[in-house]
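So the sequences go chain by chain: A and B.
The numbering of the first sequence is the numbering used here, which starts it at -15 and goes up by one.
The numbering of the second sequence is the numbering used here, which starts it at -15 and goes up by one.
Simulated from the structure, these hints should not be mistaken for laboratory data.
It cannot be assumed that every hint is accurate.
Same chains, same names: a pair is fine if it fits in one copy or spans any two.
[As the list claims (entries may be wrong)] Mimicking DSSO-like on lysine-lysine, the simulated pairs with C-alpha atoms at most 27 Å apart in a straight line are:
| id | residue 1 | residue 2 |
| --- | --- | --- |
| 1 | Lys116 | Lys266 |
| 2 | Lys10 | Lys288 |
| 3 | Lys(-14) | Lys288 |
| 4 | Lys266 | Lys346 |
| 5 | Lys266 | Lys353 |
| 6 | Lys265 | Lys0 |
| 7 | Lys298 | Lys155 |
Please read these numbers as outputs of a predicted model, since none were measured by experiment.
Number of protein chains: 2
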Amino acid sequence: MKAYKDLSKDELLKLKDELTQQYEDKKALGLRLNMARGKPAAAQLNLTMDMLDTVNSASDMLASDGTDSRNYGCLDGLPETKKLMADMMGTNPENVIVFGNASLTIMYDSVSRSYTHGVCGNTPWCKLDKVKWLCPVPGYDRHFAITEHFGIEMINIPMTQDGPDMDLVEKYVNNDESVKGIWCVPKYSNPQGVVYSDETVKRFANLKPAAKDFRIYWDNAYVIHHLYDDNQAELLDIVGECAKAGNPDMVYEFASTSKVSFPGSGIAAMATSAANIADVKKTMTIQTIGHDKINQLRHVRYFKDINGLKAKMKAHAEIMRPKFEATLKVLEDELSGLEVGTWVKPYGGYFISFDAMEGCAKRIVSLCKEAGLVMTGAGATFPYGRDPKDSNIRIAPSFPTPDEMEQAADLFALCVKLASVEKLLETK
Amino acid sequence: MKAYKDLSKDELLKLKDELTQQYEDKKALGLRLNMARGKPAAAQLNLTMDMLDTVNSASDMLASDGTDSRNYGCLDGLPETKKLMADMMGTNPENVIVFGNASLTIMYDSVSRSYTHGVCGNTPWCKLDKVKWLCPVPGYDRHFAITEHFGIEMINIPMTQDGPDMDLVEKYVNNDESVKGIWCVPKYSNPQGVVYSDETVKRFANLKPAAKDFRIYWDNAYVIHHLYDDNQAELLDIVGECAKAGNPDMVYEFASTSKVSFPGSGIAAMATSAANIADVKKTMTIQTIGHDKINQLRHVRYFKDINGLKAKMKAHAEIMRPKFEATLKVLEDELSGLEVGTWVKPYGGYFISFDAMEGCAKRIVSLCKEAGLVMTGAGATFPYGRDPKDSNIRIAPSFPTPDEMEQAADLFALCVKLASVEKLLETK
Chain A
-15 MKAYKDLSKD
-5 ELLKLKDELT
5 QQYEDKKALG
15 LRLNMARGKP
25 AAAQLNLTMD
35 MLDTVNSASD
45 MLASDGTDSR
55 NYGCLDGLPE
65 TKKLMADMMG
75 TNPENVIVFG
85 NASLTIMYDS
95 VSRSYTHGVC
105 GNTPWCKLDK
115 VKWLCPVPGY
125 DRHFAITEHF
135 GIEMINIPMT
145 QDGPDMDLVE
155 KYVNNDESVK
165 GIWCVPKYSN
175 PQGVVYSDET
185 VKRFANLKPA
195 AKDFRIYWDN
205 AYVIHHLYDD
215 NQAELLDIVG
225 ECAKAGNPDM
235 VYEFASTSKV
245 SFPGSGIAAM
255 ATSAANIADV
265 KKTMTIQTIG
275 HDKINQLRHV
285 RYFKDINGLK
295 AKMKAHAEIM
305 RPKFEATLKV
315 LEDELSGLEV
325 GTWVKPYGGY
335 FISFDAMEGC
345 AKRIVSLCKE
355 AGLVMTGAGA
365 TFPYGRDPKD
375 SNIRIAPSFP
385 TPDEMEQAAD
395 LFALCVKLAS
405 VEKLLETK
Chain B
-15 MKAYKDLSKD
-5 ELLKLKDELT
5 QQYEDKKALG
15 LRLNMARGKP
25 AAAQLNLTMD
35 MLDTVNSASD
45 MLASDGTDSR
55 NYGCLDGLPE
65 TKKLMADMMG
75 TNPENVIVFG
85 NASLTIMYDS
95 VSRSYTHGVC
105 GNTPWCKLDK
115 VKWLCPVPGY
125 DRHFAITEHF
135 GIEMINIPMT
145 QDGPDMDLVE
155 KYVNNDESVK
165 GIWCVPKYSN
175 PQGVVYSDET
185 VKRFANLKPA
195 AKDFRIYWDN
205 AYVIHHLYDD
215 NQAELLDIVG
225 ECAKAGNPDM
235 VYEFASTSKV
245 SFPGSGIAAM
255 ATSAANIADV
265 KKTMTIQTIG
275 HDKINQLRHV
285 RYFKDINGLK
295 AKMKAHAEIM
305 RPKFEATLKV
315 LEDELSGLEV
325 GTWVKPYGGY
335 FISFDAMEGC
345 AKRIVSLCKE
355 AGLVMTGAGA
365 TFPYGRDPKD
375 SNIRIAPSFP
385 TPDEMEQAAD
395 LFALCVKLAS
405 VEKLLETK
């Protein structure tokens, strides 16, 4: 395959005609496809239906410590639920608070609490002139939406194959007191599938923040969400590493079972130091009478332990893997050698990240849409929805069927080609 | 019975000796009783165990509009859940947002959102020098804890048998722009069991707030929580009344199934105007990916409709009523005529409110505690925990068994007598 950039103007014009014809043919099919949603397919949800039988009218509803899971009380989670979530995150139960149905809400509430009441006795952020936040890019749009909602100035940090550019992270965190946090998805990052290297984690743990209330928001969303039985990434335990480095209070870690059991009906947790837990609980005791303990019991009795969670994730992977592979095969077959985009094969998580030629992402997404394929909006993976290079596109292969996924990937590749040719013609 | 205040010093001294002896005898029994907790008894929780079978591995998990209740999506609640909660509150589904497991959290989040982002475009409260709040007293300590947590200045408003003193409410709300809210438990109020009269509700709906962002926090916690089949209180629909009065945006109403199904595992909702719903959703869409829809489905399929809820509340009442009546009988038998306290027989809700002689509440609670009976702390029913008369005590008869309740009430009455005699002797 010849790279598009090496084609002459005439060759490009001819190619454009061919691609346009193919595109019009596709459009005529009236497809209705969606690669935007990072949500499990129905087949995955079916995997856990028997969890709904686990707690029933005949069940003993007492937790291991005698708590009646049906009544008020127990602010921070049943002991066995803390243990399960601790094992999931690779930390200790005493570092864990179990919350409600989503880690996103814990993150929002953590930013909100810092804004209204401050972190561990420091000035509430609403009283500060300026609060800044580091955002490894590309990243997760819902993270950026939270910091934007609170008027926090977001600073892009480029991702490398080992995690965020740590030179830049250190420069900002260690020197600028207004930098109060950083969004991280350290394992199978959203959208690139990057796993933070041991060195990256250790450099995080050894930050010397200018701000006493700087916190790493460590969203371990895909902690056990492997796609393969082998090639499973290992990530250092950030809570432990921070403690070792003399920075025990510097991190909030988050995880949930949203993509293990049921999105919206799972359980979510935070792991952090004793001092942070005490600080969080001061607000938590005002905000809630406690979370859904029956659902906590349901999860623990169904999964039993970390091995139960892992076994379920293996079943998820068997459904997810063919979709990822079908997508990657189409990208490989259709685009390799053309030099119109790059992508990385992920070993876990929910996404494939595609980097188009500069200035092409919006056009690609728009071409897809016109032909019946909904993609995540171009720019969504950047703060304020602004991708400076207009290049990154997030592909979510989980929700469609494998057949739909192949159709969708095919159409996507065609749109990439067409947009790239258009772009190259602009300067010929 | 002769009123204690009419006894001579000698009579009081003799009485004190007798009561002290009785008290020491009680203390020697080593009782462990609790009338502090407004939580359902295990027998009540057993009433709803079969709800746990309603949604199981064989269930159709699609909601009425085709939403897969197991997956992401549906920010404001399944249509059938909105309908159920609307019927519970006596309003329309389009006025309802279904939230998570507790109305307290909705209230906290509403205050927090107003503090960080303002109400419908008005200045966020964190940017104001002063925010004030009206607190009908005695009231609910967890309400007061929320406003205290945000540094909001709380102003006591005396309760009457028809609800809060509306002259005072109107004076503050209609003239002071820094008054941004009022806590109300309009039906079977916590702790007095007062039901707001139609006139009170209409006067609320016709307030002319100085502040555009003033909101009534209408915590309809006991909306269907009657103790009797007859004598069921009716309350006007505040959302409708506010609309009629040209104040559609002035109220947030809250309710939950916490004391219908399971505390902590129920569903909670807010009812308000379209404009407020749009305003709330702006933040909600950042804060959550949606609440637990499987639990919503479980509730709707189990209760089916408002009649299902009402039938369940009848069964709850049959368990609660004997405890209330046992308590009231002891108070009547032991204290009537002594003029050492007043109380009102409630027809719903979870509490009996007792007003001791001025300056006696703390002493009574402390005497109870010493003899093994935990009561809600004296002062808890007032903002900042300060009862200016040191008089009000909240009695929660729901959790103990009827036998325990009778024992507890007996001990309580004895402590009331002893503390009253001590108080009268101070001035003889």
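Inset, instruction - Run the structure past the numbered hints and jot down the numbers of the failing ones, going up. - result: 2, 3, 6 and 7
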